[in-house]
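Please work from the sequences and hints to get the whole structure.
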Amino acid sequence: MSSQADSKQDPTTTPECSVVSKSLCHEASQNEARIATAVHTILDCLGEDPNRDGLLKTPNRFAKAMLFFTQGYHLNLVDVINEAVFEVDHNELVLVKGIEVSSLCEHHLVPFVGKIHIGYIPRGRVIGLSKLARIAEIYARRLQVQERLTQQVAQAIDEVLKPEGVAVVAEFTHMCMAMRGVQKPGAVTVTHCKTGVFKDNWRLDDRFHSLLNMGSR
1 MSSQADSKQD PTTTPECSVV SKSLCHEASQ NEARIATAVH TILDCLGEDP NRDGLLKTPN
61 RFAKAMLFFT QGYHLNLVDV INEAVFEVDH NELVLVKGIE VSSLCEHHLV PFVGKIHIGY
121 IPRGRVIGLS KLARIAEIYA RRLQVQERLT QQVAQAIDEV LKPEGVAVVA EFTHMCMAMR
181 GVQKPGAVTV THCKTGVFKD NWRLDDRFHS LLNMGSR
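Using UniProt numbering, count along the sequence shown one by one with no gaps and you end on 217.
You can take every hint at face value.
30 Å max Cα-Cα, derived DSSO-like pairs, lysine-lysine:
{"hint": "1", "residue 1": "Lys131", "residue 2": "Lys64"}
{"hint": "2", "residue 1": "Lys131", "residue 2": "Lys162"}
{"hint": "3", "residue 1": "Lys97", "residue 2": "Lys162"}
{"hint": "4", "residue 1": "Lys115", "residue 2": "Lys199"}
{"hint": "5", "residue 1": "Lys115", "residue 2": "Lys194"}
{"hint": "6", "residue 1": "Lys162", "residue 2": "Lys115"}
{"hint": "7", "residue 1": "Lys115", "residue 2": "Lys184"}
{"hint": "8", "residue 1": "Lys184", "residue 2": "Lys97"}
{"hint": "9", "residue 1": "Lys199", "residue 2": "Lys131"}
{"hint": "10", "residue 1": "Lys194", "residue 2": "Lys131"}
{"hint": "11", "residue 1": "Lys194", "residue 2": "Lys184"}
{"hint": "12", "residue 1": "Lys115", "residue 2": "Lys131"}
{"hint": "13", "residue 1": "Lys115", "residue 2": "Lys64"}
{"hint": "14", "residue 1": "Lys115", "residue 2": "Lys97"}
{"hint": "15", "residue 1": "Lys97", "residue 2": "Lys194"}
{"hint": "16", "residue 1": "Lys97", "residue 2": "Lys199"}
Don't read these hints as lab results, they were simulated from the structure.
All of these numbers come straight from a predicted model, not from anything done at the bench.
Written out as structure tokens, the structure is:
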């Protein structure tokens, strides 16, 4: 059988498996089937016909999507960093702002979307800038609350770099607030987590926020 044919049949070659180990992909395929079965039941409970053309493949599509949305459970911080930490003689603020991420509210399983801003003061070591975005993705791709997500990102950077301090600010719009309950789609929730010198030095904290707001309208 050709390698192309094998590729089509091997679930570990699918995009959904590109970020997890092959040992987890068999489990993922089993979970996909279980989720699809549950969604079929949900559609029926909603009064829909799960077997009509528009919904026939919806359970499987939803299952694949949910596994993708929550792939952060299978991402390892060490593997994601992949030794992209470098010794440097630099002790000034490093700030990456506007990292766009999305996550799922653990209360209603609907999205919240927005941006994370990350700043830190190095202690002789810096990290590849793209890795900051990847760290945010590790924890965003889970069932979350915004407060915990913000804290986990800050703690992860603290763990990896052991810097003088870390500051993380998150701004999100929550679909559970926009589409249900009070139904306020324009509301933005802001959270922050600060460690080390950012907690003790108000001038540094002020500088961080000044740079964060630079260029904003």
